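Participant: Let chain A serve as the given structure and place chain B on it in line with the hints.
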Amino acid sequence: MTTSNRTKLIKRGAIWGFILLELVFFSVAGRFLSLSQTQFMDLDNMLLLLKQSAPIGIIALGMTVIMINGNIDLSVGAIFALSAIVMLDSQTWPIFQGLGELGVIPVAWGLALLTGVALGALNGLIVWKTGVDAFIVTLGSMLGYRGLVFMYNGEQPTFLLNWTLVDLAESNVLGLEFPAIVFILLTVLIWFLMTKTVHGRNAYAVGDNREAAVNAGIRVGPHMLWNFILIGFLTALSAVVFYSASGSVNPNDGGLYELWAITAVVLGGTKLTGGSGSVINTFGGVIAIQLLRKGLGHIGADTETVNLVIGLILIAVLFLDRQLNIKGKGELRI
Amino acid sequence: MADERLNAISRLLARQGILVAFVIFMIGFALLNDRFLAVDNVLGVVRSSAILGVMALGVTFVVISGNLDLSVGSMMSFSTIVVLDLHDKIGPGLAIPVMFAMTLALGGLIGLLVGYFRLNSLIVTLGMLSAIHGLTLTYSGGKNMDIADKAGTWFSFFGQGSVLGVPVPIILLLGLACLLSVLLAKTPFGRKVYAVGGNGVAATFSGIRRPRVVLMTYLISSFCVAVAGLLQASRSMGSQNTVGQGLELEVLAAIILGGASLLGGSGTVFKTLVGVLILGFIQNGLLLVGLEFYVQYVVTWLIIILAVWLDIAAKRGRLLSPIA
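As they're listed, the protein sequences go chains A and B. Under the numbering used here, the very last position in the first sequence is 335; numbers go up by exactly one each time. Under the numbering used here, the very last position in the second sequence is 330; numbers go up by exactly one each time.
For reference, chain A alone in the conformation it holds in the complex:
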């Protein structure tokens, strides 16, 4: 009992220990290797880090829910791009011309979020009604939605310059910029959803043992549909947060976002098989990846090595997790 408690504690704390390790390492190494005079542990630097991790981070929150559910969503990159295009392009539609620069913003945001919800719902409906595995369904829609992105505006990037929107997106409260605020608020909200509500409890139950969940009276199909709608919504929100400040979308934007989001979630200790995981640890996973990027840049390593290091860390995490599990449960090794 005590050992299993200890392993649980180790697993839960691992990602925070890793973040601490990164902070110490890059601060110390930065003193000797860095060319810039600024400290790594600078407050501004940390606030910037939070802002930069927001786009992937918000998606990763939704991915956590999906993966706790025992599913996966590979189409988030394409949903990200399509929502962004809708948000920027809808501001030029003739019917909204009378609204002015400020008035059109909520309409554009609403349409973008609606796009995300619709695409997520389509994924969820197919998973529910056909019974095809979510991996295959979203692998297909990853291609299909990307096709829709291209069909919208060809291979041309979509531009829009709305200064009111840019000002709004770059406003800050106590030094925290808009994306960072949204990211933190959402983390708290999704944490609440997953730990304090019936829906969250059901999500763990469905991921742990789908048949038992069915027998316990949980309507698994609609439940999964809601989760796909949630990740669609969050992905669109991520696009809203990111592109409100930037104002230009390429049709290839958001490529590989699904892989980054999954990496962050797995670093946070969520199992691919479903049934366990924590939103707060996903937050840690997102921060850890962004710290690694910034830190390696800070000590003057090539940006190329980031991919190498993250890949190896991902495998190492999996390896350690396995070792801990074997010790904890005395699992049969075949």
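It is worth saying that the hints were derived from the structure and are not from the lab. Values in this document were obtained by computation on a predicted structure and should not be read as measured data. Heads up, the beta-carbon is just placed ideally off N, CA and C, and yes, glycines get one too. Be aware that one or more of the hints could be misleading.
Quick list of in silico lysine-lysine cross-link-like pairs, BS3-like style, CA-CA up to 30 Å [to be verified]:
1) Lys130/A / Lys321/B
2) Lys130/A / Lys277/B
3) Lys272/A / Lys9/A
4) Lys272/A / Lys130/A
5) Lys149/B / Lys295/A
A partial selection of chain B residues facing chain A, derived with a Cβ cut-off under 7 Å [claimed, not checked]:
6) Leu128
7) Asn150
8) Tyr300
9) Ser327
Facilitator: For chain B alone, coordinates are given in the frame of chain A:
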């Protein structure tokens, strides 16, 4: 009686749905455009599918054994960059075997992690996707690779040459397909791959060394990736670092179209080849009809979902899922 026969026919249609759809597609495109079934067009499609096809053949083994391989795309970039770089440094005769050895080493590493350490293949290969991408960038310093003397080397033979009028990539694709098909269907090793994917525990208890079989599947996969990298390098004689990016998912799409289950235990080399050709012909057909290249993404999406749905529906005997 008649009802029963009708039922059997509909079941057959659903089972072989992908082949039926393929035939309908081919007839439709052939009617729309008379160049579609011309010999040079067909050869062109098969030739341009060769790189994806060779990779898909290898990954088929991994999928049948119940695992996934998401690293093939970045591994293909790696082998392309390596062989192009070494070509100018040590000559093509040495560069090719060295590149094969390096790619096989990467595949062996994945096989070790998934087979012997029993780590989740999706995450291991996701990590390797990222790690190998970083390795490629570090190796090349982020620069594009080019062969300096493009005319004075026989290296272009693999990607651009032809034997008796048949392009070499097609010969390599079909030759490899025959070889791997025999390996999978007619040898004890092939049986073991199916057994491990069908029920890993039962396979272990019946004396199959699961780790070794898994390791072999990843070695086969990385061997095929090396061949694909060779084809790519030799066809373009120069390459970016990201040449294989995204191919891992296209490969999976082709394998799924062929009817293999991602849970393992089913699929054949021939079916994967059909999946690859379907993707290739759809792309070509849509272009010939005058649609933009990205329309194929949407069509592929619909076909993948429909194909898998019909397959599952035929097995469970009802169209909609029983999930409440």
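Participant: Does each hint hold? Answer for all of them.
Facilitator: Cross-check of the supplied hints:
1. Lys130/A / Lys321/B: 15 Å, holds
2. Lys130/A / Lys277/B: The hint holds at about 26 Å.
3. Lys272/A / Lys9/A: 14 Å, holds
4. Lys272/A / Lys130/A: 25 Å, holds
5. Lys149/B / Lys295/A: 22 Å, holds
6. Leu128: Leu128/B check passes; min Cβ-Cβ to chain A is 6 Å, inside 7 Å.
7. Asn150: Since chain A brings no Cβ nearer than about 14 Å to Asn150/B, farther than 7 Å, the hint is violated.
8. Tyr300: 3 Å, holds
9. Ser327: At 3 Å from the nearest chain A Cβ, Ser327/B passes the 7 Å test, so the hint holds.
Comparing the model with each earlier hint shows a violation of hint 7 alone; every other hint is respected.
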